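S.K.: Read off the chains here:
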Amino acid sequence: MSDHNPTTDAVQADAHHDSHHAEIFAETTTMFGRTFPYPLYTVIFGILGVLTVSEILIAEVFTSWVKIVALLAFALAKAILVVMYYMHLKSDSKIFTLVLLLPVFIISISLMFLLVTPYGAAY
Amino acid sequence: MSDITLHESKQPALLSPKEEAIRHDNYKFAMWLYLASEVILFGILIGGFVVWRVQNPAMVKHFHEASGLLGKIVVSANTFLLLTSSWAMVMGLREIQRDNVAGLLKWFRLTILLGLVFMGLQYYEYAQLAHHGITLDYLGSAPEFAGLGVRFYSATFFHGIHVLIGVFWCWLVMKRAQRGEFSSKRYTGVEVFGLYWHFVDVVWILIFTLFYLV
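Here the protein sequences line up with chains A and B, keeping their order.
Residue numbering for the first sequence follows the numbering used here, beginning at 1 and increasing consecutively.
Residue numbering for the second sequence follows the numbering used here, beginning at 1001 and increasing consecutively.
Source of the hints: derived by calculation from the structure; they are not laboratory data.
Fair warning: this is a prediction, and the values are worked out from it, not measured in the lab.
Just so you know, even glycine gets a beta-carbon here, dropped at the ideal spot from N, CA and C.
Be aware that one or more of the hints could be misleading.
[As the list claims (entries may be wrong)] Here are the simulated distance ranges between beta carbons:
id, chain 1, residue 1, chain 2, residue 2, range
1, B, A1130, A, I95, 14 to 22 Å
2, B, H1131, A, V69, 47 to 55 Å
3, A, Y38, B, W1171, 44 to 52 Å
4, A, F32, B, P1143, 49 to 57 Å
5, A, P118, B, K1185, 34 to 42 Å
6, A, F62, B, I1073, 26 to 34 Å
7, A, P118, B, D1137, 37 to 45 Å
8, B, S1037, A, M84, 30 to 38 Å
9, B, H1131, A, T63, 46 to 54 Å
10, A, G46, B, E1038, 49 to 57 Å
11, B, Y1027, A, A73, 30 to 38 Å
12, B, E1181, A, P118, 52 to 60 Å
13, B, A1130, A, G46, 43 to 51 Å
[What the hints assert, rightly or not] A few chain B residues that don't get close to chain A, going by computed Cβ distances all over 10 Å:
id, residue
14, G1043
15, H1132
16, I1165
[To be verified] Covered stretches of chain B, going by a simulated chain A footprint (3 or more residues, C-beta under 8 Å):
id, segment
17, 1034–1041
18, 1104–1112
19, 1116–1127
20, 1143–1155
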């Protein structure tokens, strides 16, 4: 059989398509050892909502550095959830992840240098 | 088969599943490259605000006091609006992946509605802040807020413009869907738009925390 049999290609593409979307099409989602009666995207939306409410409460209750660390951690968790599940980086090519992380790394390093520069320092 | 057919470039509808998958990944890669440039742009705007606010903690405290409880409610509502619009967008993508065009249109109508309400609330927030003297310096900003306006508005307005573009893009995707251009085998246009819309959501997640909560 030829390696480039169109029928074989079509079957393989369909198989990849089906396995890739099986998780998305399911009407229930298993996460944290529990099964939720909602699709994956809805469960992620619920988690994002809970994290946002938690952020608002933390901002009102805490005042010390704990507040800053917690809020940054929650924001980072929300951003990662959106990128991994809604933007599909969890299942897509790792090159896409690299394309995103490279500018994030550059900005993070630049920001750290700016933050440790004394205010009003001579240029 | 005629020569014309042999030399004609392949239309998307004529692509094999494997070729369609390659085309799909190429478009997504191009979109990720574009988003990488956006990361730098928003990184400069948000990073500029963060560096400035670390050096001016008292002014930011005044800013939070000036926006008041109503301001916090408006901004929190806007956060939930964008999160919900992201969820609606991805549910629309899920529908077209099941060949349900009507489902896609239903979810995308919600996405557009939420995006428009977000912009309306942002306009209301800007009006309230301007009332408290938080505006661009050359427009007569209150002395206690000097330097805040340009840093705050440049980032949030740039984000707002992205929401506006996203709403228009969503409408275009809906028009294409109504013409039958998308199916469970061909939904690149929907997913590429989704990448943009979710990126706008991620930017707001960061703005919400760094500008309004910390």
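S.K.: State, for the Cβ atoms of A:Y38 and B:W1171, whether the hinted interval 44 to 52 Å holds or is violated.
M.R.: With a Cβ separation near 28 Å, A:Y38 and B:W1171 fall outside 44 to 52 Å, so the hint is violated.
S.K.: Taking the Cβ atom of A:F32 and the Cβ atom of B:P1143, is their distance within the range 49 to 57 Å?
M.R.: 51 Å, holds
S.K.: Against chain A, does B:H1132 keep a CB gap of more than 10 Å to every residue?
M.R.: The claim stands: B:H1132 keeps its Cβ more than 10 Å from every Cβ of chain A (closest is about 20 Å).
S.K.: So the hint says 37 to 45 Å: do the beta-carbon atoms of A:P118 and B:D1137 match that?
M.R.: 24 Å, violated
S.K.: For the hint 26 to 34 Å, verify it against the beta carbon of A:F62 and that of B:I1073.
M.R.: 20 Å Cβ-Cβ, so the 26 to 34 Å window is violated.
S.K.: Is it true that the C-beta distance of B:H1131 to A:T63 lies inside 46 to 54 Å, as the hint says?
M.R.: 27 Å, violated
S.K.: Within 43 to 51 Å: is that where the Cβ-Cβ distance between B:A1130 and A:G46 falls?
M.R.: Given range 43 to 51 Å: violated, Cβ gap about 36 Å.
S.K.: Between A:G46 and B:E1038, is the Cβ distance one that fits in 49 to 57 Å?
M.R.: 28 Å, violated
S.K.: Count the residues of the segment 1116–1127 of chain B with a beta-carbon closer than 8 Å to any beta-carbon of chain A: does the count reach three?
M.R.: Since 0 is below three, the answer is violated.
S.K.: For the range 14 to 22 Å, tell me whether the beta carbons of B:A1130 and A:I95 fit it or not.
M.R.: 45 Å, violated
S.K.: According to the definition I'm using, a residue is off the interface if its beta carbon is farther than 10 Å from all beta carbons of the partner; does B:G1043 meet that for chain A?
M.R.: 3 Å, violated
S.K.: If you look at each residue in the segment 1104–1112 of chain B, do at least three have a Cβ nearer than 8 Å to any Cβ of chain A?
M.R.: That given contact is violated, which follows from only 0 residues of the segment 1104–1112 of chain B lying within Cβ reach (below 8 Å) of chain A.
Checked against the numbered hints given earlier, the structure breaks hints 1, 2, 3, 5, 6, 7, 8, 9, 10, 13, 14, 18, 19 and 20 and satisfies all the rest.
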